[in-house]
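With chain R fixed as given, assemble chains L, Z and Y onto it according to the hints.
There are 4 protein chains.
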Amino acid sequence: MRTARVFRLSMAHPGDLSELDRLIADGTVRGADVVAIIGKTEGNGGVNDFTRGYFTQTLMLLLSKYLNKPAEQLIREIPCVLSGGTEGVMSPHYSVFCISEAEPAPEAGPSLAIGTAFSDPVPAEDIGRRAHVDSVADAVRTAIANAGIERLEDVHFVQVKCPCVTVARAAAAIAAGKTPLTNDPNRSMAYARAAGAFGVAVALDELAPSAFTDASLLSDFSIQSPRASISSGVEVESNEVVVLGNSPRWMGALRISHRPMADALDIGAVVDVLADLGIAAKPQVSPTDAARIATVLVKCEPDRRGRIRGNRHTMLDDTDINAQRHIRGAVAGLVAGVIGDGRIFVSGGAEHQGPDGGGLIAVIASQKEGLA
Amino acid sequence: MRTARVFRLSMAHPGDLSELDRLIADGTVRGADVVAIIGKTEGNGGVNDFTRGYFTQTLMLLLSKYLNKPAEQLIREIPCVLSGGTEGVMSPHYSVFCISEAEPAPEAGPSLAIGTAFSDPVPAEDIGRRAHVDSVADAVRTAIANAGIERLEDVHFVQVKCPCVTVARAAAAIAAGKTPLTNDPNRSMAYARAAGAFGVAVALDELAPSAFTDASLLSDFSIQSPRASISSGVEVESNEVVVLGNSPRWMGALRISHRPMADALDIGAVVDVLADLGIAAKPQVSPTDAARIATVLVKCEPDRRGRIRGNRHTMLDDTDINAQRHIRGAVAGLVAGVIGDGRIFVSGGAEHQGPDGGGLIAVIASQKEGLA
Amino acid sequence: MRTARVFRLSMAHPGDLSELDRLIADGTVRGADVVAIIGKTEGNGGVNDFTRGYFTQTLMLLLSKYLNKPAEQLIREIPCVLSGGTEGVMSPHYSVFCISEAEPAPEAGPSLAIGTAFSDPVPAEDIGRRAHVDSVADAVRTAIANAGIERLEDVHFVQVKCPCVTVARAAAAIAAGKTPLTNDPNRSMAYARAAGAFGVAVALDELAPSAFTDASLLSDFSIQSPRASISSGVEVESNEVVVLGNSPRWMGALRISHRPMADALDIGAVVDVLADLGIAAKPQVSPTDAARIATVLVKCEPDRRGRIRGNRHTMLDDTDINAQRHIRGAVAGLVAGVIGDGRIFVSGGAEHQGPDGGGLIAVIASQKEGLA
Amino acid sequence: MRTARVFRLSMAHPGDLSELDRLIADGTVRGADVVAIIGKTEGNGGVNDFTRGYFTQTLMLLLSKYLNKPAEQLIREIPCVLSGGTEGVMSPHYSVFCISEAEPAPEAGPSLAIGTAFSDPVPAEDIGRRAHVDSVADAVRTAIANAGIERLEDVHFVQVKCPCVTVARAAAAIAAGKTPLTNDPNRSMAYARAAGAFGVAVALDELAPSAFTDASLLSDFSIQSPRASISSGVEVESNEVVVLGNSPRWMGALRISHRPMADALDIGAVVDVLADLGIAAKPQVSPTDAARIATVLVKCEPDRRGRIRGNRHTMLDDTDINAQRHIRGAVAGLVAGVIGDGRIFVSGGAEHQGPDGGGLIAVIASQKEGLA
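Chains as they are written, first to last, in this note's numbering: chain R, 1 to 372; chain L, 1 to 372; chain Z, 1 to 372; chain Y, 1 to 372.
I should point out that these hints are in silico values taken from the structure, not numbers from a laboratory. Some hints here could point you the wrong way.
What the hints assert, rightly or not - Here are the simulated DSS-like cross-link-like pairs (lysine-lysine), alpha carbons at most 30 Å apart as the crow flies:
1) R:Lys282 / L:Lys368
2) R:Lys69 / Y:Lys69
3) Y:Lys282 / Y:Lys178
With the rest of the complex left out, here is chain R:
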């Protein structure tokens, strides 16, 4: 029977995997058990954020050393989903998801289940279009099957990392007679995230394939999945998928829950998702309970209507700071304040991921004291 474990580790810089190195070296983690990474690096989260590529290169070199497989192969087997930008109180860190086999134990209740998948590379001209949506949906279904999750309602979080176009990729596609949706990289990242969210919604039966067209992406925000968390970056060419849910076919103390966030001030969603896991925040999680929290995953978005609860915000009009950096910093300030810990994954660009102007939060926590 499979057991999922999650190690949340700090880094001194984007090329620093020393904590994982130590855990493998001392036998705490078996290299072969590592199935996915989700982390925050300290770049800007935009097109020119190379902290993600740097971390990924270093990670794959490390695993290559232990697994005796070429890094080029591992990068196609182990999703490494990074969100750049540790604005404000966020602390650069990465969560290592591991699976080990063990004798079935007579425990009650379902446990955290993990599944992963990779799609084929997405051509530049497909980014942000139905072909991209279909590609994501197929990969999500594969990952759910891989996790052995039987009921779609038991899926709580689907992380997808989607490729986007750069100016160079767009130019190459145009030279080849193709028509990318846009050659503006920041817009391309947004379209890619939209396609990812639609793909998740389709795979989770939340959205019928006939219920949208290409024009719905970044336009009809009534279409959304509160379980989709999509990143986009220049450093990937395929969609990389990590599915997280609960399953009676898995063992271990970890369990996951999620909640949509209605807007950037929705502290209630934070408190509620913790309560789902038996953790109180009055007003802050106690150190004992905080030690039970394995990882915190948040998506958020600057409200595109320019207001939050009726009051004007300035994130979208700021030429100096990218709007995603603004919102990540604000929402991370709120969530870290409730939990008392800056090691949280808060990722911007939540288009179609949870309510418009809001997003979602998922927490994995141990049902016993500590993370054992």
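For chains L, Z and Y alone, coordinates are given in the frame of chain R:
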């Protein structure tokens, strides 16, 4: 008997005073009752933030029109303390502090008291030195007397806006044979804020004049005042002071309280200061109670030791986004989430203002339903 | 007979009009002779650049004082075209264009001619569409007539300041049932500049009204005018036009010339436009000749294909610095180096203004020594 | 007899060494001949610029593959000097310096000579102090000897990459009872560059060890070396030195020259250094001559007095864009415009490297047509 009123108004841009114009035009506010403004404009909060000067110019023109005094005179009579930078969920707004006279009513308990003062201009070479501290302390004492507050413990918040040097001012001083402390404008702003905090601490008998030297500023962070809120900017030449406290010699429903914030995750301080005023946040203030809140004033600071509760933050190492913009966005995210409203004054640069790495929060609220 | 004069003045900050104040006070400039301002303020040049509004407010207050007309009226009579962003070696400054009447002198050759015009306000939903183009074209024709320039080839520079949408304006238009082209302010500024360039091209008979559709804007870059210089900003609601050319019906030592710039490295265009005016740069303009230069006006653009002469640039992929800030700084470095003076107007956003990826340069210089 | 060769290669991103890989794979370059790299990556050039570390890791992996040595060893043998920030028209690229042995040919004149050296690691508390200066001077002398350059006047360019403190390194040093000069990373980078420049000046007999104290660094700007080019970054712990000069003991068509730049507008220095190498720029280098240019190395600095030739600049007062990014973009615009090519190394932070407010330019070019 004096009554203090506070109007929290929104602006569409830094030159938009239309809401105050309307309130004066319709008689809600008498122009002559306006004694101070504290607001957030949407600049960057740094040396080259001209949104503060633009707002101030527009405000003084408006008051000049109603009061029939030249703007040049009003700018020396009415403190207009602006903090630039509405990062994240903050909404550009300004609080107008008004004083009116009325017949004494047999109400119980003390009410919000307001006092203001201006120092003489501070020469560029004095910025951040003892002469600057003394200048602030004198002005604070004048403002306390002006407010009629008799016990220093009844002072809850002292806002000071200090001048700083620009490259040009520093060069002029050097050309005149003077020695400014620094010709780096961002450092000058920090020294100016330190001098302001020391000045407040001296005036409030928290710090003996003999207990520090010039070298203590920006160096000995055990020296701090949890009631000092200091801004610095190129657009002022004198120290401008607004003292807020409670006094039995004032009337009205408003009262103020404050709390130090231990660090950027100190949600407890936010909940506690609200509780001081009889407002619950479980986890968020109810809309009814939120309507009682007249204004929220926060100071914060990126922890200079590079860590928050043991976890590395990246604010001080970021060449792209100023550290003060980072911390304002994060703390505002937390406070706005508890209160459910982005119209909060969160100002960075809290050196010596509250605990190191933390800051302070003050709230003014009505003791009755609504703001009457 | 009319004589054009141009005063290039420095400012200490965006609200500093003291140099113009002094020129009017000492009689050098008659307030009533001021017909237009073109300047560089030290903001970011983006949607949230309020240095333009601050300067404009201060200018109009100053002129109001001398002309005894309300500022609200002057702002609709005197184009004040500001470009925010003095990246790199650029120095904040403004050129004051004045017209005075004098007895005809038997001088040879044509002289600098100036004409101005204002359109009606442009509704948010028209921005970047044909109605916007038509509105600009009409205003340009009015300004040419106003300048008394008879041959279109004698027009050398047409500056237009176009309004754009903010998030708030877009939301208001949508609420009113209108459909703005975009609610992304940065994109709106680009569309507004495109409409301005098309309008100039139409007015100068470079482009037939039937030769384009709405879809041509920001899409068909073969359509361009090497005499159009378009800015866009939140602080205007109408198109403001300043036409500059040479005319035998004007007197004075000043003359204007212009050249398209093929790309951001086109130093030849800079040298050539100076040569047109009898000024050598080997490699730099001599101080004597530099004193003859009244103003330098440049438009530029980050090449949208991502390459300059075959080499990749990174301006469009930079999430930290807006691409227009990048290109302004680079082209200003080149032009200022040739001229030996940082008081140059270099404005980004040259879509359809000169060759794609390049832009244009215009210089006004005295045909005699000095500017006398 | 040794021959120096220089290959200037482009990169698609900071982890892209494919051009060098191809040159080694096809035999154009022997891996063992690579002795140094000087390049521009597309980061921000500040403390949190990880593009340098990413490039370096990738380079060492590549060379490790060909040389069959561990990357950890190579990184201590081959200086890889990177400057982050390709503002404006600059194109990300790297110059590979190679040395090969060949039979002496009866050529006239001296040729490019290269020498390298590494110092021991510099403790955090030594950064920016005399111990740091001495460490650099020793390494420079070693590199000159290594290059076989006998006369100090034949040294034209000394590139040093110095370590700096981060917030974390400073905290660690303080915890160990040491006193770093500053714990502000950006200031530490400046002090490190100053120490590097002093070290070069000492090694080149331009500065007597007794002629300065610790207090002279970043203070007495009359001390400068027009041949020192210093970078600083978090990714190195030792001083890495590359000395470039001309020597009769070397063969080949390449030769180097340098000139101080008096200020950021000094186009004359650019034209003169090209003329030294027999290349005309009227106003731009011809494509044929441009093909002779092997590499262009520039250092520059925002004038700390706030003015360039009397006109105010705003680089030092900008809270949004780091001043070094401003100046690099401006000077690169000028130099690239003269040369007609954006593949130039322009590095900021020229404290004590060339005249105050200016810097230096060095060019390596072939004395024959093309780079053969």
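Comparing the hints with the structure gives:
no.	hint	in the structure
1	R:Lys282 / L:Lys368	holds, 26 Å
2	R:Lys69 / Y:Lys69	holds, 20 Å
3	Y:Lys282 / Y:Lys178	violated, 55 Å
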